[in-house]
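A.B. asks: Sequence:
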Amino acid sequence: MADLLKDYQINLEPLRGQLNYQQWTQDFQAVAQMKGFWEYFTGGQPSIIQPSDRTHEKKNHKGEVSGCFRCEADMKAWQEEKIKIQQAIGLLRYSVEPAIRCDIPISVAGPQEAWKLIEERYKPYGEHAQELAEAKMNSIHFDQCTDVSTYLNRVNQVWHELHTANATFNESEIASKILQDIPNELHNELGLLYRIGFSLTMHPNLKELTNRLLVAELKLKAQARPAGRK
Numbered sequence: 001m002a003d004l005l006k007d008y009q010i011n012l013e014p015l016r017g018q019l020n021y022q023q024w025t026q027d028f029q030a031v032a033q034m035k036g037f038w039e040y041f042t043g044g045q046p047s048i049i050q051p052s053d054r055t056h057e058k059k060n061h062k063g064e065v066s067g068c069f070r071c072e073a074d075m076k077a078w079q080e081e082k083i084k085i086q087q088a089i090g091l092l093r094y095s096v097e098p099a100i101r102c103d104i105p106i107s108v109a110g111p112q113e114a115w116k117l118i119e120e121r122y123k124p125y126g127e128h129a130q131e132l133a134e135a136k137m138n139s140i141h142f143d144q145c146t147d148v149s150t151y152l153n154r155v156n157q158v159w160h161e162l163h164t165a166n167a168t169f170n171e172s173e174i175a176s177k178i179l180q181d182i183p184n185e186l187h188n189e190l191g192l193l194y195r196i197g198f199s200l201t202m203h204p205n206l207k208e209l210t211n212r213l214l215v216a217e218l219k220l221k222a223q224a225r226p227a228g229r230k
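Here full-length UniProt numbering is used: the first residue of the sequence shown is 1, the next is one more, and so on.
Wrong hints could be hidden among the right ones.
[What the hints assert, rightly or not] With a straight-line cut-off of 27 Å between C-alpha atoms, the simulated DSSO-like cross-links for lysine-lysine are: (1) Lys177 x Lys219; (2) Lys116 x Lys35; (3) Lys84 x Lys116; (4) Lys219 x Lys207; (5) Lys84 x Lys123; (6) Lys136 x Lys82; (7) Lys136 x Lys116; (8) Lys82 x Lys35; (9) Lys136 x Lys123; (10) Lys116 x Lys177; (11) Lys136 x Lys207; (12) Lys221 x Lys207; (13) Lys221 x Lys177.
No wet-lab data here; the hints were simulated from the structure.
Start from the sequences and build out the full structure, keeping to the hints where you can.
C.D. replies: Right, dumping it as structure tokens:
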């Protein structure tokens, strides 16, 4: 099953439970769309009925041969579709933790039913979804990330989950969190970039803040580079 992902060099983090369900859903959908399987999970792909093994005789020889060819083409299309359905279910099984695979029975009717089983069991709803997303946002700290880009990507990822859960986290609150998380040296460099006294009470435009934060990090790295090196 790994060869289904090898062509695109995709490292899909498996579904571990409710905690990473939202992000896993986005990642899995992207993979399934690239492989042409996603419509099997949504029900958008019409099913092909298995054709009959028998051919109906025609009055003349030409009609009989034509009918036989038509039956063979239908059978081939059905077999190809059956393989795709099996691959779609296999991709879903491969994309979840081994313990979760037990929730997808071997006798599952098809990809859409398999997807619903996972959704019903692991998708967080209502207040629980909001609480999970808010807890994940509060658990993100700058010192846990390798650089500004990694930190901002994690914040943006969880912010999307908050929107999905209908939680009220606006741009101002995200900007405030970022300002509280970043170290003093980045605060100082931001103050120089804004050319004003910079403080935690400010509520700058989020896009402008993130752009200048990236610039501030580059300036600090340049300052830390040994003299004479480029």
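A.B. asks: If a hint holds in the structure, say so; if it doesn't, say that too.
C.D. replies: So, going through the hints one by one against the coordinates:
1. With a C-alpha separation of about 22 Å, the suggested pair Lys177 and Lys219 falls inside the 27 Å cut-off, and the hint holds.
2. Pair hint Lys116 plus Lys35 holds up; C-alpha atoms about 20 Å apart against a cutoff of 27 Å.
3. Restraint check for Lys84 and Lys116: satisfied, since their Cα atoms lie roughly 19 Å apart, inside the 27 Å limit.
4. Annotation: proposed proximity of Lys219 to Lys207 holds, straight-line Cα distance about 19 Å (limit 27 Å).
5. Straight-line distance between C-alpha atoms of Lys84 and Lys123 comes to about 26 Å, which keeps the hinted pair within the 27 Å bound.
6. For a cut-off of 27 Å, the pair hint linking Lys136 to Lys82 is broken: about 40 Å separates their Cα positions.
7. Restraint check for Lys136 and Lys116: the C-alpha separation of about 25 Å stays at or below 27 Å, so the hint holds.
8. For the suggested pair Lys82 and Lys35, the alpha carbons sit about 15 Å apart, so the restraint of at most 27 Å is met.
9. Annotation: proposed proximity of Lys136 to Lys123 holds, straight-line Cα distance about 15 Å (limit 27 Å).
10. Between Lys116 and Lys177 the alpha-carbon distance is near 36 Å, which puts this suggested pair outside the 27 Å criterion.
11. Annotation: proposed proximity of Lys136 to Lys207 holds, straight-line Cα distance about 22 Å (limit 27 Å).
12. Using a Cα cut-off of 27 Å, the hinted pair Lys221 and Lys207 holds, with the two alpha carbons roughly 22 Å apart.
13. Between the alpha carbons of Lys221 and Lys177 the distance comes to roughly 23 Å, so the proposed pair stays at or under 27 Å and holds.
Checked against the numbered hints above, the structure violates hints 6 and 10; every other hint is satisfied.
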